[in-house]
Amino acid sequence: MNAYLPGIATVALMYGALGLSLNLQVGRTGIINFGHIAFFGVGVYTTALLSLHGIPLWLSVPAAAVVGGLCALPLGWAAARLTSHYLAIVTIGFAEALRVILLNLEVTGGPSGLVGVPRPLGDAPLETYSMVWLFVAAGLLALTYGLVRLFTRGLLGLSLTGIHDDEPAAAMLGRSVAAYKTLVLAWGSMLAALTGAFYVHWIGYASTEQFDPRVTFYLWAGIVVGGASNAGAWLGSAAIAGLFEATRFLGDFGFTALSETQLASVRWIVIGLVLILTMRLRPQGLLPVRTRLSRAGASRSTAPTARERESADA
Amino acid sequence: MIQAVVNGTADGMLIGLMALGISLVYAVQKFPNVSQGALVTAGAYLTYLGQELTHRWYLAVALGLVLSVALGMAAYQVVIRPFVTAPLMTLMIVTIGLEFVLDYTIALGWGNSLRTYDFGLTGQTTVGGVYLTHAAVVTSAVALLAMAGTAVVLTRSRLGRDMRALSDDPALAQVARVSRQRTLLFTWGLVGLLAGLAGLFFGVKAQLTPTLGWHLLLPSFAAAILGGLGSFTGAILGGVLMGVGMEVFSLLLPTVYKPAVAFVVLTALLLARPRGLFGKAVRV
Amino acid sequence: MLETRELNVRFGGMRVVKDISLTFAAGQVTGLIGPNGAGKTTLFDCVTGFVKAHSGAVLVDGRSLRRLAPHLVAVAGVARTFQTPRMFDSLTTLENLVVAGAPASSLSSFLTTFRSRHHRSLVDRLTTRAREQAAFVGLTEVRDNRADALSGGQRKLLEIGRALMREPKVLLLDEPVAGVNPLLARQIAATIRQVAERGVAVGVIEHNMEFVMANCTHVHVMAQGSELASGTADDVRRRPEVLEAYLGGHR
Chain A
0 MNAYLPGIAT VALMYGALGL SLNLQVGRTG IINFGHIAFF GVGVYTTALL SLHGIPLWLS
60 VPAAAVVGGL CALPLGWAAA RLTSHYLAIV TIGFAEALRV ILLNLEVTGG PSGLVGVPRP
120 LGDAPLETYS MVWLFVAAGL LALTYGLVRL FTRGLLGLSL TGIHDDEPAA AMLGRSVAAY
180 KTLVLAWGSM LAALTGAFYV HWIGYASTEQ FDPRVTFYLW AGIVVGGASN AGAWLGSAAI
240 AGLFEATRFL GDFGFTALSE TQLASVRWIV IGLVLILTMR LRPQGLLPVR TRLSRAGASR
300 STAPTARERE SADA
Chain B
0 MIQAVVNGTA DGMLIGLMAL GISLVYAVQK FPNVSQGALV TAGAYLTYLG QELTHRWYLA
60 VALGLVLSVA LGMAAYQVVI RPFVTAPLMT LMIVTIGLEF VLDYTIALGW GNSLRTYDFG
120 LTGQTTVGGV YLTHAAVVTS AVALLAMAGT AVVLTRSRLG RDMRALSDDP ALAQVARVSR
180 QRTLLFTWGL VGLLAGLAGL FFGVKAQLTP TLGWHLLLPS FAAAILGGLG SFTGAILGGV
240 LMGVGMEVFS LLLPTVYKPA VAFVVLTALL LARPRGLFGK AVRV
Chain C
0 MLETRELNVR FGGMRVVKDI SLTFAAGQVT GLIGPNGAGK TTLFDCVTGF VKAHSGAVLV
60 DGRSLRRLAP HLVAVAGVAR TFQTPRMFDS LTTLENLVVA GAPASSLSSF LTTFRSRHHR
120 SLVDRLTTRA REQAAFVGLT EVRDNRADAL SGGQRKLLEI GRALMREPKV LLLDEPVAGV
180 NPLLARQIAA TIRQVAERGV AVGVIEHNME FVMANCTHVH VMAQGSELAS GTADDVRRRP
240 EVLEAYLGGH R
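Protein chains in written order, with numbering that gives the first Met the number 0: chain A, 0 to 313; chain B, 0 to 283; chain C, 0 to 250.
Just so you know, these hints were derived from the structure itself, not from any lab. Since the structure is predicted, the reported quantities are computational estimates derived from the model, not experimental observations. Every residue gets a Cβ at the ideal spot worked out from N, C-alpha and C, and that includes glycine. Keep in mind that a hint or two might mislead.
[Claimed, not checked] Computed, partial: chain A to chain C, Cβ under 7 Å:
{"no.": "1", "residue": "G153"}
{"no.": "2", "residue": "L154"}
{"no.": "3", "residue": "L155"}
{"no.": "4", "residue": "L157"}
{"no.": "5", "residue": "S158"}
{"no.": "6", "residue": "D164"}
{"no.": "7", "residue": "D165"}
{"no.": "8", "residue": "A168"}
{"no.": "9", "residue": "A170"}
{"no.": "10", "residue": "L172"}
{"no.": "11", "residue": "G173"}
{"no.": "12", "residue": "S175"}
{"no.": "13", "residue": "Y179"}
{"no.": "14", "residue": "L182"}
Next comes chain A alone, as it looks inside the complex:
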């Protein structure tokens, strides 16, 4: 068991980092993003491609993060103009489209992905490798946390809370909701891509399975269970990811009742149940009551958005 723990914990910590970056968008600013994991994938593939072409890590990893942030810009434009459930659909579509493209381009290795991605300390004995990377993952989580906090403390954070609480009021204070949401999406996606870059150098290969759009729901389940705060988001995501990762090794402990594929199905069923049951236990919905989303039905607006009136002109 000891041999597996560092690996499991490393995965858990990395997913914790992903939960943090997603919560910046969802919990802190109220943007519904079901495609977050796609940016993880962008980070994975960008750094893999760059390092396979000889670019050193200290360049390729930050580059991957930046590319991830840039890829989020078109999504930001959409996020500004679409409300919750429509945006949700678009984000899933975005993630799926991205996955399909990466799955089929020659340059990204097609279905077999990219192998031979450089792994720092790859030649070290397994125990050393695992322990070192565990610390690196912890460092990544701390770095992500720090970057999220940097972004949300102070005046920028106040503006974000304003937008989260009441968009029209924020608009009348000169805030372009579109610009802020785009910024948040870019920052969060950059952090996700950064995590992806670390991940691929740990594991040594890139494949689109690592970021199937459904995986975003690991993170959503984490936030739903842990709560929409930073601590809740990373603990929830890390716990779920850790638990699920651990189940991959059950077979080695004599638990052969279910095959690996069957276990995979069980995991997804669990995620589905977590989503349904947690919603049941939190009647006010996922996000705190004061969000716009829970007021979706009861419109308090005396100032309808331009779009609403526009489309009323039949």
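Based on the hints, put chains B and C in the right spot on chain A.
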């Protein structure tokens, strides 16, 4: 090219049925039903189950459809009903959960190996240089019947009237003593039926896999929005257009990029013309 | 000053604001009155970019506001309050005011985050201004309370305070004393007059005739989307068409 249009139309019927289901739920409950994919997958496998049990195609189909209706109603009763007054995002998340639960229960039950129906509906004819599989003709015809049937239900039956009341003005409907629970229950039953049909049609033309519904979700949402969410004729037309569009598009690019097409159509629509072709004004 | 020229707004096939040409002069409190459904709030919504105008012009000191999104209208120097006060509920009164005064541009907010000394001094300056503003509108006692704990009248005051943090050229108030106790209403009225004295063009939608008589130098009357009358408060309230529009209404 014409072949692509013909093929696309047949596929489009399937997508149209799914889009119709999505539109129905959206009309009465105002949220996107992400579990539509799972309902279709379930429909397909329930008919397969029927086949395993009875070995006669007509019994299998009947059993599959009946069970699909039951599944739709059960989904409503168990999963949706507790959330009927919840915020729309909650409903959406819950249906995503349902999608996972159903899809992967099916995966557990039947594994990931491909399954096929044994209906003997093979063979094709050629009409003016265009190949038409018998399966495509039959499914398209039945699909059209199903849509016509749904239209009849919506316009002439009491259920249809109640559904339209809920869709147009829930408060007024309540005053007029329309039972929301009952109407929704039967709506979901209808949605189950349509999903069952769609699943059945899928199985007739291709092999079943547990993820068949999930992969059809994007195109069906695109179709539903294209036709106009809440517009029933729009859903069907949207479905056919999407089906044809995707087929034609794969003449230009490899088939695997079809989801990308759906995504582009979907996003472009939502940004430019959210009400689609026939929809009522909608706030995006 | 704020000026509209032949402004038209349509909802569906109906014109709800018909050829409205109004002026809200700087340094004055101008009232906008009329029966319910006259289109007054819609006019404000249109001026501030929440609703699209079908035709006509909106000008602030000669500069056109047509087709500008709300945040750009704000940047052009227009501030407004809403019929039901819109609060940043999870922030305190003071924080609400600080946010109002903070740089609006997302990019500049973002960049400031990385310059910690500059950020700190900016926050200090804003906090001082916010305290002054809280005092000006009379909310010093509750300045560390969360916004969602404030009473209705206090929320209205906070909304005005927030608007003032932006040092606007035009301040549009939608029913600032509706449902507010008379003492607080007088406080609000005094505040509004002081703001006008600073040179701001203040426009007020109100149903409270006493308030309008006492505080508005100029009044526009709207009914059913059209302009009915315009003049001093005394002048306007004697006009037969105005009385008729209100049919058994206010004093």
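Inset, instruction - Any hints from earlier that this structure breaks? Give me their numbers in increasing order, please. - result: none
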